[in-house]
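Relying on the hints, combine the two individually framed chains into one complex.
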Amino acid sequence: MAKLDRLDWAADLRILHHGLAIGIRSNNAECLRGLQARLPFGWAPARSHRVDRLYSLVGGGAAASPNVRRLNLVYANAVRLGRSRELAGVVRALEVDLERYVAEHARRRLFLHAGVVGWCGRAIVIPGRSMSGKSTLVAALVDAGATYYSDEYAVLDGRGRVFAYPRPLRLRDGGAAVVVSDATAAGDAERPTLPPLPIGIVVVTRYRPRARWRPRRLSAGQAGIAMLGHTVAARLRPAHALAVLRRAVSTSVALDGPRGEAADCVGAMLRAMTAFAV
Amino acid sequence: MNRVGDAVMPRARDAHLVVETLADETLVYDLERHRAHCLNRAATLVWRACDGHSRVAATAALLERELGSPHGLSLLGIALEELSRARLLDEPGARRGPRERYSRRAVIRALGLAGAASLMLPVVESIVAPIPAEAASCLTTAECAALAPPACTGQPICGSTTDCCVQRGQNCRARVC
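Line order of the protein sequences matches chains X and A.
Residue numbering for the first sequence follows our numbering, starting at 5 and increasing by one per position.
Residue numbering for the second sequence follows our numbering, starting at 47 and increasing by one per position.
Because the hints were derived from the structure by calculation, they are not lab data.
Here the structure is a predicted model, which is why all the values come from computation and not from measurement.
Be a bit skeptical, because a hint or two may be false.
Claimed, not checked - Rough simulated footprint, nothing fancy, chain X against chain A, three-plus residues with beta-carbon under 8 Å:
hint: 1; segment: 80-86
hint: 2; segment: 168-178
hint: 3; segment: 181-187
hint: 4; segment: 193-199
What the hints assert, rightly or not - Some, not all, of what chain A presents toward chain X, calculated at C-beta under 7 Å:
hint: 5; residue: Ala61
hint: 6; residue: Leu63
hint: 7; residue: Val64
hint: 8; residue: Glu66
hint: 9; residue: Glu71
hint: 10; residue: Leu73
hint: 11; residue: Tyr75
Said to hold, decoys possible - A few chain X positions that, by computed beta-carbon distances, are all more than 10 Å from chain A:
hint: 12; residue: Gly27
hint: 13; residue: His117
hint: 14; residue: Arg126
hint: 15; residue: Asp161
hint: 16; residue: Tyr211
hint: 17; residue: Val257
Here a beta-carbon is modelled for each residue, glycine too, at the ideal position from N, C-alpha and C.
This is chain A alone, in the form it adopts within the complex (with noise of 0.2 Å):
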C-alpha cells in the first residue's frame, strides 16, 4: 500500500452530537449548529471507522468488501469530504486520510458508475433544524396584527411565500423577513 493507505483514521466528533442508528444509515443531530444530518451506509461504515487509530488501507479494504466495490480508497476519500463537510469530524482542517482529489463527479465519471451502482457513494444529507414557529401553520395578517411581541415567532403568513409575523415596534406585523 501506498504513503495514503499507511495514514490513519481522523477522529470522529462526538461532542455536542446526538446519535441514532437505523438498520444500516445513522440519523446525527449537531446540538451546536442545529443541523440534522443522514449518513448512508456508506458513510456510516467509514464514520464508524473514523477512531483516530486505524489505517486509511484497512477502511478502504472494509468499504471494498462491505460495498462489493474495488474501489475503497476512492469511496473513503469522498466519505471524509463529506463527513468534513458536515462537520463531524474533530480535525476537519487535518484530516489525514486521502485528499479530496477524488471529487464526486470525477469518481463516478472515472469508475464507470451510474444507475444503482452510484448509490454506493457515500452521502451525508444535512438539514437545518426549524425553529418551532417554522414547523407552525400560518396566520392571516389579522390574526398576526391581534398578537403582541413576543407571540409573534415568524410564523408564516398564509396567502405570502416570503412574509411571516415578526415583531415592529410595540406591535407585530406580517413582513418580509
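Pulled out of the complex, with its shape left as it was, chain X reads as follows (with noise of 0.2 Å):
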C-alpha cells in the first residue's frame, strides 16, 4: 500500500454509497472525470477522508522506451483488482468490484439479485440469477407502463421497502451487455428521485419456451427461501437477511412458474399484481 501512496495522484474522489465511504484515486484526472458518469445511481460526495475502501486507478499510456507500453492497473486498497491494455477494461473490473463490495457490505441495505419494476405504489420484485431472464422481463414491463426501479438488484430496507437501483436496463445477445431502453438510460441527473416502495409481488419464474404462466401461491415462508436464495449477503450477515425478508413478504404475495414470451405474460402479472398486492 505504501508504494501505491508513493504514487503521483492527479485526482481523488470520495463518495457516499448505501451508507460505506468509497475513495478513487487515478494519476489521470480526465480518466476519474470519465468514471464519474459509471459510478452506481444514488451516490453523494463524501466529507470525511476516512474511506472504507480506496481504488486506485493506474492510466497505463506509452512508456520511456517507444516499443513498450504501459498497462492499466487498479487497486482495491493493496489488491490488484484488475490490468488491461484497454483502459475500459480496468475501469469495467472497478465497476464490478464496487458493485460487488457495496452489495455485500452495506450495513442497513440488504441487497438481492432481481429485477424490480414499480406498479401503483408498490414494486414487482422478481429475483433471478444472471441469464434466467429478469431483465427480459423488466423491459416488458417497463413498455407496459410500470416505472423502471432494477434490473440488477432490489435494495431493501429493515422495513422491507424497495429502492430503486436504476442503471441502464441492458439485455443480452450472445454474452454481449447491449442498452436497450433509452428510458432507463438517463444520467443520475436527469433521473426523477424514486420513492421507496413496499413489495406488492414477488415473481419467482424463469423462461421456457411456450411455456403459459400459471403460477402457484407461496407461503409467506417459502417466499422468504426463494428471495433468500438470491441475497448478496446471505452467508456473510443471514440474521440481518432473515429479519428483513421477514418483514418484506408479510405484506406481500409470491407467485412461483415458469414463464413463456415476456410478452405474454406481463398483462397476467399486472392483473395479478391488482388483484392481490393494490
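Okay, here's the thing in C-alpha cells:
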C-alpha cells in the first residue's frame, strides 16, 4: 500500500454509497472524470477523508521506451483487481468490484439479485440468477407502463421496502451486454427521485419456451427462502437477511412458475399485482 | 397409548442457528452448513415441541388438534424424519420418536390424503445459501479476462450456463465450474 501511496496521484474522489465511504484516486484526472458517469446510481460526495475502501486507478500509456506500452491497472486497497491494455477494461473491473463490495457490505440495506418495477405504488420483485431472463421481463413490464426501478439489485431497507437501483437496462445477446432502453439510460441528474416501495408481489420464474404463466402461490416462508437464495450477503449476514426478508414477505404475495415470452405474461402479472396487492 | 407414544421427544438443535418466526412457519439458517430451511406449519409445531422431555403421545395429540387430522402419530413421524434430515435435531441418529416407517408417500397413500389435505403434511424445504458471486451479475469473457485474482470469485459468464470467472494461474479466465 505504501508503494501505491507514493505514486503521483492527479485527482481523487470520495463518495458515500449506501452508508459506505469509497475513495477513488487516479494518476489521470480525465480518466476519473469519465468514471464519475459510470458510478452506481445514488452516490453522494463524502466529506470525510476516512474511507472503507480505496480504489487506485493507474492509467497506462506510453513508457520511456517507444516499443513498450504500460498496462492500465486498478487496485482495491492494496490488492490488484485488474490489468488491461484498454482503460475501459480496468474501469469495468472497478465498476464490478464497487457494485459487489457495496452489495455485500452495505450496513443498513439488503441487496437481492433481482429485477424491480413499480406499479400502483408497490413493487414487483423478480429475483433470479444471471441469464434467467429477468431483464427481458423488466423491459416488457416497463413497456407495459410500469416504472423502472432496477434490473440488477432489489435494495431493501430494514422495513422491507425496495429502493431504486436504476442503472441502464441491459439485455444480453450471446454474451454481449447491450443497452436497449433509452427510458432507463438517463444519467443521474435526469432520473426522477423514485420513492421506496413496499413489495406487492414477488415473481419467482424462469423462461421456458412455449410455457404459459400459471403460477402457484407460495407461502410467506417459501417466498422468504426463495428470496434468500438470491441475497448477496446471505452468508455474511444471515440474521439481518432473514429479519429483513421476514418483513418484506409479510405484506406481499409470492408467485412461482415458469413463463413463456415476456410480452405474453406481463399483462397477467400486472393483473395479479392488482388483484393481490394493490 | 403404546410404547411409541410413551417415548420422549428429541431435543431441537439450538446452537449455530438463526431463527425467524413467521405467522405459522419458521425460517431457520444453519450457520455451520450455510443452509436455510423453511418449516411449514406442521413441521413448526413439531420443532417447537422438541424439548427433550415432552411425550410423543402429547405431541401427536397436539398435531391432531391443531391440524384437524386424526393421524397425529404418522404426521409426527414424517416431521421428525424431515427435521432430522435437515439436521435440526440435537440427536439425529438417536431419535426417540416414531421411526421412519412412516414415509411421506406411504402416509399419503395410507391416509388417503389428496390435494389440499396433503398440505397438512410436515415439510422442511431447504436451500444452500448462495455465495456472493452466485448472486452477482454475469461478466463477459473480456470483462473476466481484465480482472486479476482475487477479484474473480466465480461470477457467472454471460451467455453460458456452465462457465464462470475463476483464477487460472496469475489471471482470471472463464472456465467450466
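Hints versus structure:
Coverage of the segment 80-86 of chain A by chain X holds. Counting CB-CB distances below 8 Å, 6 residues qualify, and the rule asks for three or more. Coverage of the segment 168-178 of chain A by chain X holds in this model, with 6 residues showing a Cβ closer than 8 Å to a Cβ of that chain against a need of three. Beta-carbon proximity to chain X at under 8 Å applies to 7 residues in the segment 181-187 of chain A; the threshold of 3 is reached and the given coverage holds. Closer than 8 Å: that is the beta-carbon criterion, and the segment 193-199 of chain A has 4 residues meeting it against chain X, so the requirement of 3 holds.
For A/Ala61, the shortest C-beta to C-beta distance to chain X is roughly 15 Å, which exceeds 7 Å, and the interface hint is violated. At about 10 Å, the closest approach between the beta carbon of A/Leu63 and any beta carbon in chain X exceeds 7 Å, and the interface hint on this residue is violated. Of the supplied interface hints, the one on A/Val64 holds, with its beta-carbon coming within about 5 Å of a beta-carbon of chain X, less than 7 Å. For A/Glu66, the interface hint holds, the least distance from its beta-carbon to any beta-carbon of chain X being 4 Å, beneath 7 Å.
Among the interface hints, the one on A/Glu71 holds; its C-beta lies about 3 Å from the nearest C-beta in chain X, closer than the 7 Å criterion. A distance limit of 7 Å between C-beta atoms decides the matter here; for A/Leu73 the minimum to chain X is near 5 Å, and the interface restraint holds. A distance limit of 7 Å between C-beta atoms decides the matter here; for A/Tyr75 the minimum to chain X is near 4 Å, and the interface restraint holds. The non-interface label for X/Gly27 is consistent with chain A: the shortest C-beta to C-beta separation is roughly 18 Å, beyond 10 Å.
Distance to chain A contradicts X/His117 as a non-interface residue, since its nearest Cβ pair spans about 4 Å, not more than 10 Å. The claim that X/Arg126 is not at the interface with chain A holds, since no C-beta of that chain comes within 10 Å of its own (minimum 20 Å). Every beta carbon of chain A lies more than 10 Å from that of X/Asp161, the smallest distance being close to 17 Å; the non-interface claim holds. At roughly 12 Å, the least C-beta separation between X/Tyr211 and chain A is larger than 10 Å, which holds for a residue marked as non-interface.
A cut-off of 10 Å between C-beta atoms confirms that X/Val257 is not in contact with chain A; the least separation is 14 Å.
The structure fails hints 5, 6, 13 (numbered hints given earlier, in ascending order).
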